[in-house]
Amino acid sequence: MRTFMKRKALWLLLALAMLVQVPGPAGAVIYVQCPGEPDGYTSDAIPDKGDGMRQIRCKHLAAGDGYVKLPDGSDMYIFGYTDVTGIPANEVINLSRLKMEWPAPTMVYDEGDEVYLTLSNVGMVVRPDLFDAHSVHFHGFPQASSLMDGEPMASFGINMMSSLTYYYNISEPGTFMYHCHIEATEHMQMGMLGQLWIRPAQNRLPDGTVLGSWTHSNPDYNKVPNRDDPLVGDTYAYNDGDGSTRYDVEKGIMLAGFDPAFHDADEFIRPLPFADMEDKYNSINGRGYPENTYEGNILNQNGYESLKINALVKASPGDRVLLRVINLNITSIWSFSVMGLPMQVIAHDAELLRSPVTGENLYYQTNVITFGGGESSDVIVTIPADAAPGTRYVMYSTNLNLLSTPAGEMTGLLGEIVVQ
Amino acid sequence: MNTILKQAIRLLVVATLVALCLPDGAWAKISGITGIRDKTNMTIDFKLIAMEGHIVASDGATIYVWGLANGTAAVPVMQYVGPTLIVREGFTINVTFENRLKVATSLNFPGHTVSSSIVSDDPATPAPKNGFISLEAYPGDVVKYSFVATDPGTYYYQSGTDPAMQVEMGLIGALIVRPAKFRADYTFMTDGTNTSQVLAPAERRTAYNSPDSMYDHEILYLHTEMDHRIHQAVEANVHDPANAALPYLTPEQAYAGADNSSWFPYYWFYNGRTALDTLSGDDVPWLPNQPYGTVPQIHPGEKMLLRVIGGGRDMHPFHHHGNSSLVIARDGRLQGVNDIRYAEGHFTINVTPGHTQDVLFDPWKGDKMGWDIYGEAATGHSIDSPMVYPTEKPFAESTMSRELVSGTGVLHITPIAAGDQFPDSRYFRAVLWTDGTGLHDATSREVVTLRKIGLDDTRFHVVKRNLPGSKNVPATWAPGANVTGTYHGMPFPVTLPDQKDLTMGAFYSGSPFLGSMGTLPPGTGGFNLNNGIAFMWHSHAEKELTNNNIFPGGALSIMLIEPPQAAIPTNTY
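Line by line, the protein sequences are chains Z and P. The opening position of the first sequence corresponds to residue 522 in our numbering, with each subsequent residue numbered one higher. The opening position of the second sequence corresponds to residue -7 in our numbering, with each subsequent residue numbered one higher.
No lab work stands behind these hints: they were computed from the structure. A hint or two may mislead.
To be verified - Some chain P residues judged to face chain Z by a derived CB distance under 7 Å, without partners named:
| no. | residue |
| --- | --- |
| 1 | 329 |
| 2 | 330 |
| 3 | 331 |
| 4 | 337 |
| 5 | 485 |
| 6 | 493 |
| 7 | 494 |
| 8 | 495 |
| 9 | 504 |
| 10 | 533 |
Claimed, not checked - Residues on chain P that point at chain Z, a partial pick, calculated with CB under 8 Å:
| no. | residue |
| --- | --- |
| 11 | 309 |
| 12 | 313 |
| 13 | 526 |
| 14 | 538 |
All of these numbers come straight from a predicted model, not from anything done at the bench. Note that CB positions come from ideal geometry on N, CA and C, so glycine has one too.
One chain only, chain P, in its complex shape (with noise of 0.2 Å):
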């Protein structure tokens, strides 16, 4: 079969297999409404409207809230959080803002300078004024809020009246702006043997005007909670048959028996979903007013940008497991204007109410466990494949000369220049390659023991390991080979207990590696679909992981590594 035919066919089987491992539902991506878009006038439109309706928590509660609908929808439905507006850096955005619930509300887009008017006065109800913080609707009323968004960063919308009430209520949403050169677009790539996305040139995915604040994927974290004691209050208030004749309530009338000074949250979000429905993706039907999941996922080496909001009235511990992250801005702003120079490493982030955290994951790589999670030993994995193991920098360069001290099978290295880098670590495993072209020897590999002794002194101990399949051949280490510090090919170092000694998760997927997948019990595992590696992230204040005395719940979400063949929904606006 000539190669062309090959290729083609190797790519449709793979494309196959590509399609059937896509996840249900969109994940890993931020989902919103980008309004409509005037670029001659700069202009940004949207249609928000202020509605009543039901949610669900994960325990089965039906919970009386105050969401907002995306008015230019065919039929507008009410949604918890507010739909997430992405716009563009410099453009002027106009939201009109209408009123179906019975109380006077607004809207308040904190880091902005708001000017509002009003766009039509419903006969029935008072008109539209100037209440503490915005100009507030009545109920049937129209008013315009209009704003430059002049700084990229990511910012949260919210109810301007009675704000304890009405954002406990539900009237909050997110508000993201992007830098004015940012591009979305990606392509799925090929090299004959692996598929996999490629992104847009870094450069142009970006939070804000520095390439410091590149990334690969983002995802939402809006942090809400509440007290469900204070919704069933507001709806018997609101559903009275007393009050239906009114055409609006005051503040007393709809608040009454609703105490704010004995608030006590029973019930702890992301994006408007207690867990597990965290975990279902974007836009499923039986959620129809919680559009929003949060599964963030991203490949090997590829970094996650987290918008983390305090939408609530409580801090939360924020704690994603699997690495460290970079704090990179704070309300819209980097630390250190034009660059991170003050960004801060955290691993559990702390969500301020009202303050929003732009967070960069450090790329998970899996170089430094001591064993090779991507299974090559196990798997056969092809690691010439730039796709499937990322390459360590090779730490002997070629201004250090080497010797192979005979007889001891010392390999001393003594670097040259001063700039030199070694691994920080006094004791370092690494992978010998050991022909001389640094070409992978399937057959002939050696583990040794880098020992740095003082600061210009380090020195190889072959080590010699019965890796699986490697023949007992000593090290013929070649002058000008390359020496590269990794795990690669380092077997996993212990052995799992039996299956019936163990109690596994739904995202385990049988197997340590990275893409594989082992035998499972009935009734375990099934959600890890492409066999990734999962972390929980989820808030530290481990009390806030139930529903109302149910444990599990509140605010926990689940992470993935994905294997490189795996698509990832990415946001294409």
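Pulled out of the complex, with its shape left as it was, chain Z reads as follows (with noise of 0.2 Å):
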């Protein structure tokens, strides 16, 4: 009796222990959270110096709202996020406000990684009567805790002027996605979308390695490598062990739509329609097209380039191209082929398609992958060895309305792979 009751006497001591927050940073502040970084009210993200022993990647994302060029030249009202690593803390809310991207910055860690991601909210400046929480919602992260998920219905969301730093501890490769998860339907309607991408520890064995019938070529291998040493060797999708997920060149291709009433109503504080909600502005990663070809900046309202990404593969012949394609419309399922080429489909939802009982591959050739908002495929294209340069492959939906946006016909969901 004695031991059970001071066990549970410990247990109400520590839960009391508790109650009382830990101090940290003081309220209402921009603060982060990175080891090797000694001061959180200034730190910049990156490391001052390394921890040899561990992986350590540290990232800074604002959140708040911004501008977007449509296909046809009009602007759009867009809640996100941006990349505000390498920026002192207490600059953040000065160098951020107004600046969000669409889609949201791509983040790609390696599997061994222990992320710290600070998430800094910076309110809304055309909005300054919403005081909305933002999140991040690692979306498909294995063995989850819901204080890491961003889910604010398990956990909370970060209030305007202060951040909040996740931790995730990397332990699978694949294709994954993440976005904001207060008040979902509004947030991510508006923007706040993202790709994420998990390299496998498979890429950064020895040269020479054996995998199956093919051997790793890793000609820049070190044995104390830091893991900001770019690639030089094999690269793959996941641990195959079979080299079966290599690939030559990698795109990220995130579907998703704008409802332009939606927007509108937001930024001039209308009602919010989300019966009607409806995707006119539908486009592989953000801009619309041909823009989206263009390798060249494309400046917002403001001067501020808002729509970083292209959609635009360059591949040589005989190259095996990798389309990590992902959907986060919030509408409907859709459809995504490539004119020409088929698509080896080698994942879903970061999951190696290969049998659970006899480890066989299972995958498939097609000319079109469905799926709805939240799914992601891997697949890999094969550039023909005989392919002129110049050739080009279209990327886009088989729902054709979907290539149509209020700008006009073809400048919508589309893209393209070009042969150099």
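Hints given; two lone chains; assemble the complex.
And the structure:
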């Protein structure tokens, strides 16, 4: 009895101890937590010195509102994220307000990384009456904790002018995505959506490692790798063990759409039309077509480059092109195709297509993949060895209505693979 | 005090605590009806009545529906969705169906070969007759549908008459066929310190005749949508005083003004309720015609089976936070016939009209997060109890040689046998048990990093961390001791912001740790009675998280991972 009660008393004591909030940053302040950075109030989220024993990755995202240019040249109000890694914390609000990007910055990490992601809510410039919190939901993260999951009913969101640091112990490679989960229908429609890739540990095996019938090449392999080294060897989508997910060129393909009536209502403080929501400006990676095949900048009305990602893939004859396709529209199920090239589907929802019983690969070839919001597919298209330079393979939705936007025909969900 | 009395009092105290923590109303299991079973003749009899009534959507709207009632109840009550029929493989299922609507109607059982017969014919209306799909009963008629439940699996039943209109109006329900050898019993067990539920041997709680389909808990996700304008038009027709004298209405009369060609959903349902009514338990008195809630629950390490049915006409991307899942069966058949060799991993399930899927949610263990969600470092939970933390497989078995290279703090492990397993990650942090017996030593814990150099060379670098309560004692590795790959004891890695800077949710316990609570501002929390870990399971077409323009609502549910001591209602049939 005594032992039991002592344990119980200890538990109560510790619970009481937890009732007192551990002293952290003072209220309503932008504050970065990153091992290797001593002062969170001024930290730029880049560790001054690395920890040789740990794969630490720090990142700082700001969340707020902004504007993008639509294919017809008009301006659309958005909510979004922007990457403020490298900006001292005490300058983030000034330098990031109204500078949100569409899509949100793509985050890329390695298997084995420990990611310290600080999210700072810099408030809404155009809607000073809104005091929405924000969050980051790492969609698909296995064995998640509700606190790090970004879903507010199960945990919380971060209020304006404050920072929250998420921690992810990256254990599985694949194509994931992230988005805000606060008032999800509104914030996701308004554009708080981004791509998230995890590279497999197989990339960093030593040169000459035999993987089934494939021999891994990694000419720059060194035994004390700095994770920031560019990958010069063979790259794979997953730890396939046989080289079957190897690719030469990689591109993220994010399918999403905007409902202009909804965005206008949010900009001009009108009731939000949830029930009649209909995406009209549908796109690959945010820009309209053919702007998304240009490699230059597209500036918004404030002279800021808010549309940073294009939908142009440049590949050589014979190349294996990995398309990390995700769907983040919030209204429908869409179909995606590459005209002229079959897609080999190697993984779905960050799970390699492999039999859980026999271990055989279950990859399949298809002309079309069909999936809804929150799903991802990894496909490999192989450029024919005899493809002439300049050949274009169009990426598009077989829901042909998505190719149109109010800006006109052939301005929507389209992209290109161009042979070099 | 002697040992037996000690244990008895412990059990009493714990049982009282557990009882106090039980959630209100049944959650976490599949409520349904099992009918009247005759084992000699291998039959199961049901009586279903098609009745009109109203349901409530979570924005307060009242919607006129055609639902089904369990006809064997003393007072049959219409419900939407229809009663979930839970039957056994091999039995002949007889469903006696009475029509108390004002139109002809019928039932259809996709996936089964149905024979039907007339039980009684109301003289005021035409006799039952074969319709386009099923034997149809006119108002007042009673018919019987019979089929043999030849294959275990997840199925559904719905109206076979004008289904585009009548299934929209609400005539749909789930049908579950259990394998012949299914056993649902469970018991409470205690080890003297911790009490937990122990379920029947897993090989008996299966969805199919294959051990691949074993599960611990199950939950139903019957997806539907509604365009309430159709319901308004039909209600006006059925209750039009001009039609009051008619014994029945023709389709033209019943559906006048209800335009299916301009159908547009404004409500989305799980098991007949919109959110946030989905979060209430089964059979709550304020929802008398919508008895089924949707609150899945598991303990860490347990498997949950999701029976996912596309009961509407739209596809939905069903996203379950927290872990990935495996689709093991489609339309009542295993992906692999006898095993699950063609099962697919997912984090979002594509729900398709008329299609059923059996999905196994990967057991959530919280074991790879890089910090100890069981909060051993913070809450003092015993880590020796097997029920608190699932044990990791020690990845340095006795077949491997280990040497602590003196002076460098490097522990070098060389696998001897080719099949020795290492974690896939190149970097893997582990807690090193520093005494030779492999048991935890609370005062000299170290954190080490495993670095894999190539495929056959693995080294530990000992990185000392001043964990709470640890002394700065260097690792005293004893040859033969176990190194377990685990994050057990790792502290929470970041500092949470000031409470005033957070907007907290109803299911937040106030603490990152499973089973612990923290202080919460007034008005927050309160729905997570056992301080479990909550995850939202919802449609990822977020437009569907609304009730007729009101957010939040629609296709949204909350899943709870409960501490091992919390009881979870489980199917007993």
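Status of the hints after comparison with the structure:
1. 329: Cβ of residue 329 of chain P sits 11 Å from chain Z, so the hint is violated.
2. 330: violated, 10 Å
3. 331: holds, 5 Å
4. 337: holds, 3 Å
5. 485: holds, 4 Å
6. 493: This hint holds: residue 493 of chain P lies near chain Z, its Cβ roughly 4 Å from the closest one there, short of 7 Å.
7. 494: This interface hint holds because 4 Å falls under the 7 Å limit.
8. 495: With a closest approach of 4 Å, the residue 495 of chain P hint holds.
9. 504: Nearest chain Z Cβ about 5 Å off; hint holds.
10. 533: holds, 5 Å
11. 309: Where the cut-off is 8 Å and the nearest Cβ of chain Z is about 3 Å from residue 309 of chain P, the hint holds.
12. 313: holds, 6 Å
13. 526: With a minimum Cβ separation of about 4 Å from chain Z (threshold 8 Å), the hint on residue 526 of chain P holds.
14. 538: Holds. Min distance 4 Å.
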